[in-house]
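Build out the structure end to end from the sequences listed, making use of the hints.
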Amino acid sequence: MRLKCPYCGDRNVGEFTSFGEQPALRPDGANGDDQSRFVDYVYMRDNRAGPNRELWYHGQGCRQWLRVLRDTKTHEFLTIELARRGDQNDR
Amino acid sequence: MKYSLSSLVAQTLNGHKHWKRVLADAKPREKYDAIIVGGGGHGLATAYYLARKFGMANVAVLEKGAVGLGNVGRNTTIVRSNYLLAENVAFYDHALRMWETLERDLNYNVMVSQRGVVNLYHTDPQRDAFARRGNTMRICGADAELLGLERVRKLLPFLDFDNARFPILGGLVQKRGGTVRHDAVAWGYARAASDLGVDVVQNCEVTGFEISGGTATGVLTTRGTIRAPRIGLCVAGSSSILAQMAGFRLPVESHVLQAFVTEAVKPLIPNVITFGAGHFYVSQSDKGGLVFGGDLEGYNSYAQRGGLNGLADVVESGMAIMPMIGRLRLLRSWGGTVDMSMDGSPIMDRAPVAGIYVNAGWCYGGFKATPAAGLSFAHLVARDMPHEIAAPFSLDRFATGHVLDEKGQGAQPNLH
Ligand SMILES: Cc1cc2nc3c(=O)[nH]c(=O)nc-3n(C[C@H](O)[C@H](O)[C@H](O)COP(=O)(O)OP(=O)(O)OC[C@H]3O[C@@H](n4cnc5c(N)ncnc54)[C@H](O)[C@@H]3O)c2cc1C
Ligand SMILES: [Zn+2]
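Which chain is which? The protein sequence lines are A and B, in order.
Numbers in the working numbering are just positions in the first sequence, counted from 1, shifted up by 37.
Numbers in the working numbering are just positions in the second sequence, counted from 1, shifted up by 47.
Only true hints are included.
Computed Cβ-Cβ distance ranges for the label pairs, DEER-style:
| # | chain 1 | residue 1 | chain 2 | residue 2 | range |
| --- | --- | --- | --- | --- | --- |
| 1 | A | R39 | B | R198 | 45 to 51 Å |
| 2 | B | G188 | A | A61 | 39 to 45 Å |
| 3 | B | G255 | A | F75 | 27 to 33 Å |
| 4 | B | D209 | A | E113 | 44 to 50 Å |
Think about it this way: if two alpha-carbon atoms lie no more than 25 Å apart in a straight line, the pair counts; the simulated SDA-like pairs of lysine to any residue are:
| # | chain 1 | residue 1 | chain 2 | residue 2 |
| --- | --- | --- | --- | --- |
| 5 | B | K111 | A | D83 |
| 6 | A | K41 | A | F56 |
| 7 | A | K110 | B | N250 |
| 8 | A | K41 | B | Q351 |
Hints in this document: simulated from the structure, not taken from any laboratory.
Glycine included, C-beta positions come from ideal geometry on N, C-alpha and C.
Given below as structure tokens:
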């Protein structure tokens with residue numbers, strides 16, 4: 038399996054670490070966010086079969102976080118871009 | 048038809064022409080007392096115990112493909128109860144005791160082989176951790192014995208004891224652990240359940256739920272709507288898909304785990320061996336092939352196949368403990384979609400939608416659980432109350448803080 042990093046180009050997927058599905062933005066306890074939102078954030082998953090919005094880390098390359106859309110039924114990367122502050126899962 | 052020495056002799060004299068079909072080809076009816084979704088080991092065992100122990104035989108098992116083609120037929124067949132947390136040891140040892148008498152119970156040869164499971168340790172701290180694990184197991188009534196270097200050398204002389212990076216210092220052995228013929232477990236439970244009147248319906252995929260007033264009353268399938276007041280989910284890697292159909296989420300991620308088998312060789316490995324410095328475990332099948340596996344591939348997947356990185360990783364670990372494995376040719380590799388829970392322990396509870404019960408999150412260790420999972424899930428479905436051995440596996444433990452984090456690594460679905 039290969040992943041095309043926007044910085045480094047076409048690389049073996051073994052250079053990357055998958056974080057899993059991109060979560061919603063982290064709740065903020067100081068802002069009064071309810072504990073159930075933390076439970077959701079930490080433990081619950083959509084765990085989609087099909088196109089899945091995920092974060093991958095290029096640890097053995099440019100050390101950038103990537104935001105990808107990947108099909109969990111075929112392992113195909115559909116879109117790959119650099120992750121940016123404030124990105125969240127567009128579910 | 049009861050299997051016995053006399054039935055074997057009689058059939059042999061008849062030229063083996065009159066063996067009966069093992070499993071009736073059931074057509075789904077419109078209504079049942081309970082529906083079990085998923086014809087893997089857990090679903091079939093649940094249906095069997097519903098009929099056998101809880102007097103509910105008006106039950107259907109709905110399987111989207113053929114019985115036994117899911118993880119029950121893809122695993123590496125290892126059974127053991129060498130866990131660290133008391134709740135897990137108690138549950139898995141209950142399962143191990145059930146394996147010990149299962150063949151008589153089902154009248155089916157599932158080839159239970161208590162050949163022992165040896166976990167190797169490679170450092171002093173790891174020996175201490177294994178001693179603690181062994182003590183926990185013994186306190187909980189399971190068997191465990193800490194072996195020093197000389198005893199492991201005698202038992203497994205072919206290992207690379209003096210490996211520069213991962214020297215072998217000894218091992219923790221559970222002698223009652225071993226292997227069980229995995230697909231025979233599916234067939235044995237299917238046959239026994241079907242004999243008790245359960246409809247084992249193959250090629251019947253559940254595509255949705257019929258929910259009225261917040262209560263599930265039936266399932267939509269590729270063979271029509273089927274109704275029952277109780278619906279149990281035993282769909283392993285597909286658990287989140289079914290949950291989504293019913294409108295809830297689970298603390299589960301689906302990942303791919305691979306396994307491998309080599310060409311057959313003469314008897315070599317007397318038991319199950321696990322490598323303590325990486326993730327690798329191996330046993331030898333009765334046909335002679337070495338069956339082995341290791342870690343997850345590291346990304347979410349429903350594909351039922353892995354890649355070359357996972358293969359390389361497993362084989363490197365194998366070479367580190369038994370370099371002779373490098374002389375063997377690999378015959379086959381395959382993958383299964385495993386339902387990794389967020390604390391590494393299973394979930395068996397009522398779902399957030401009334402009428403639905405969830406049996407999921409078995410990670411890559413649910414085969415050994417099969418008899419106890421079936422028994423306790425049948426208890427939950429029949430009585431609407433958890434069986435005492437499975438009560439710790441509640442769904443709300445993630446919110447209340449009662450997680451069963453066997454490895455102590457936090458909310459990580461892909462490390463257990
Ligand atoms: C490579 C590998 C090695 C493993 N090794 C071990 C081991 O050594 N020891 C151990 O204890 N465990 C092991 N496991 C884990 C074990 O196999 C599983 O935890 C266990 O089999 C899961 O329960 P099951 O048998 O009911 O699952 P499955 O056999 O997967 O049953 C689930 C069934 O649900 C069906 N289904 C899914 N969706 C639907 C639907 N919509 N409608 C109808 N039916 C549906 C599927 O077709 C499937 O047949 C391993 C797993 C893998 C993949
Ligand atoms: Zn890069």
